[in-house]
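Residue numbers (the numbering used here), protein chains in the order written: chain A, 9 to 379; chain B, -16 to 135.
Rather than coming from a laboratory, the hints here were simulated on the basis of the structure.
It is possible that part of the hints are untrue.
Stated by the list, open to error - In silico lysine-lysine, DSS-like type, Cα no more than 27 Å apart, as pairs:
hint, chain 1, residue 1, chain 2, residue 2
1, A, K63, B, K124
2, A, K306, B, K46
3, A, K48, A, K214
4, A, K221, A, K245
5, B, K67, A, K98
6, B, K124, A, K309
7, B, K110, A, K356
8, A, K221, B, K59
9, A, K63, B, K110
10, A, K63, B, K46
Stated by the list, open to error - Some, not all, of what chain A presents toward chain B, calculated at C-beta under 10 Å:
hint, residue
11, K63
12, Y313
13, Y336
C-beta atoms are modelled at their ideal positions from N, C-alpha and C, and glycine is treated no differently.
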Amino acid sequence: MLEEIAVNDTGDLIINVGPQHPSTHGVLHLIITLNGETIKNIDPNLGYIHRSIEKMCESLSYRQFIYVTSRMDYLSSHINNHACALTVEKGLQIEVPERAQYIRVIMDELTRLASHQLWWGAAAMDVGALTPFFHAFREREMINEIMEETCGARLTMNYNVPGGVMADIHPDFQRKTKAFLAFFKDKLPEYDELVTGNIIFQNRMKDIGIISKEDAISYGCSGPTARASGVSCDIRKTHPYSIYDKVQFDEVLETTGDSFGRYLVRMQEMRQSIHIIEQLIDNIPEGDFQAKTKAVLKLPKGEFYTRVETARGELGVYIVSEGGLTPYRIKFRSPGFSNLSALNHMAKGQKIGDMVAIMATLDLVIPDIDR
Amino acid sequence: MMEREALQAQITAINANVTFEEGGEMLNAFVDPKECRDLLQTLHNMDDLAFDYMFCLTCVDWKTHLTMVYHLESTKHRHVVVIKSKLDRENPEIDTMSDIWRTAELLEREVYELFGVRFINHPDLRKLLLSDEWEGWPLRKDYEDPINMIKL
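Whole structure, please, built from the sequences with the hints as guidance.
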């Protein structure tokens, strides 16, 4: 796999980016063929943190396997858990109490905000601006604290169980969340001032890594990556789950399909997430936070597929059950995997420096790709 | 958006040998691996079907045979269909879909290394996640690896 020689027969230079490289945000290895400074081909070499979560899940019970999925896309771990819990609930036809659904969706959106904040800081850092990273982490820390109080963990929350959530919300949860929203709403315009309107940043991002609508669909792109090309693919809108059909929010679409478009979509999505949380936070209904379920769960024979929208795009959980204690086969359709497959198409013909700007707005999380 | 019965009728009109599975939340259709590519190509190209988005491609090992599973959606009409194809376990072969949906290129490479399915006419069928010298097909049910595999 690794090229021994740095120059191939046609005189093109072959360089390795990664597996350890700041711009890949994880252990991703790209073998890039260059003609001068222009990218001719990118061959991703994956699997440095492949743990075969799908195989692992085949020997875990329907209560246990949910927690492994926190380790896929660790920035959307709550949403991953939500998807798995939804699939099990679909199989067992468990009615989830409304209180649990409200809590889940608020947590989902907080997770999305935290993920987008980290992305914003890291993306700006990738193209040379260090300050935004500290701004983003200041706000993200507040979300992590809210999570820690209620879920007991900051990153891999493991808060969802089949039938609801593991514990009721902390008494301070609503107050702190509202305080955070008020604080963050003030800070978002600062984000725009600092980065969005910056002409140097715009020059790095505009007309870079363009992907057309047709290509984005063909490559299976989802999430902000596809929506920047004008593909309407927000699962929360197209196939609503939980209480997403009861809340008001807009699907953010851009038509440019370039790195700046992907940047703008995520910035707008943060505002939409705030809007969703504001509608729910004061209206969490009283009642149980968890439905009564049997101690041992057995899914009936059949196949169950759930699609949710994580911070990076569409996550699919496909369970094939033979009626036993453990899933017969699980497949996780991870958003990052398909988004990465479009990287070669996006970066071809661009300069090597622009590859970093493209990677920054694809928002790849490597454990999500390798699984 | 096309209802389940209408979709079923359309698919039967394209290929009369397709069988359907009762129940399930999505429409499940079984097709012979030799006819699979033609059917999927038609599903992709026909205007009133327009299945242009492949959101999942995977394989299931049933011990007696392997089943390829294609989840398709139309971004225009928003209907969903699942196409399945049973493959021989000893010599699993099916045509590649990577020229119809570009996303299939990497997904098929993943299925190739984990299940050992050979995709005919695939442009670049190499291992993706595992190292090149890896032996065996890890997601098959009879796969044993005393060193790397943790039994829970």
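Comparing the hints with the structure gives:
| no. | hint | result |
| --- | --- | --- |
| 1 | A/K63 with B/K124 | holds (9 Å) |
| 2 | A/K306 with B/K46 | holds (21 Å) |
| 3 | A/K48 with A/K214 | holds (20 Å) |
| 4 | A/K221 with A/K245 | holds (18 Å) |
| 5 | B/K67 with A/K98 | holds (22 Å) |
| 6 | B/K124 with A/K309 | holds (18 Å) |
| 7 | B/K110 with A/K356 | holds (23 Å) |
| 8 | A/K221 with B/K59 | holds (12 Å) |
| 9 | A/K63 with B/K110 | holds (17 Å) |
| 10 | A/K63 with B/K46 | holds (15 Å) |
| 11 | K63 | holds (6 Å) |
| 12 | Y313 | holds (7 Å) |
| 13 | Y336 | holds (8 Å) |
The structure fails none of the hints (numbered hints given earlier).
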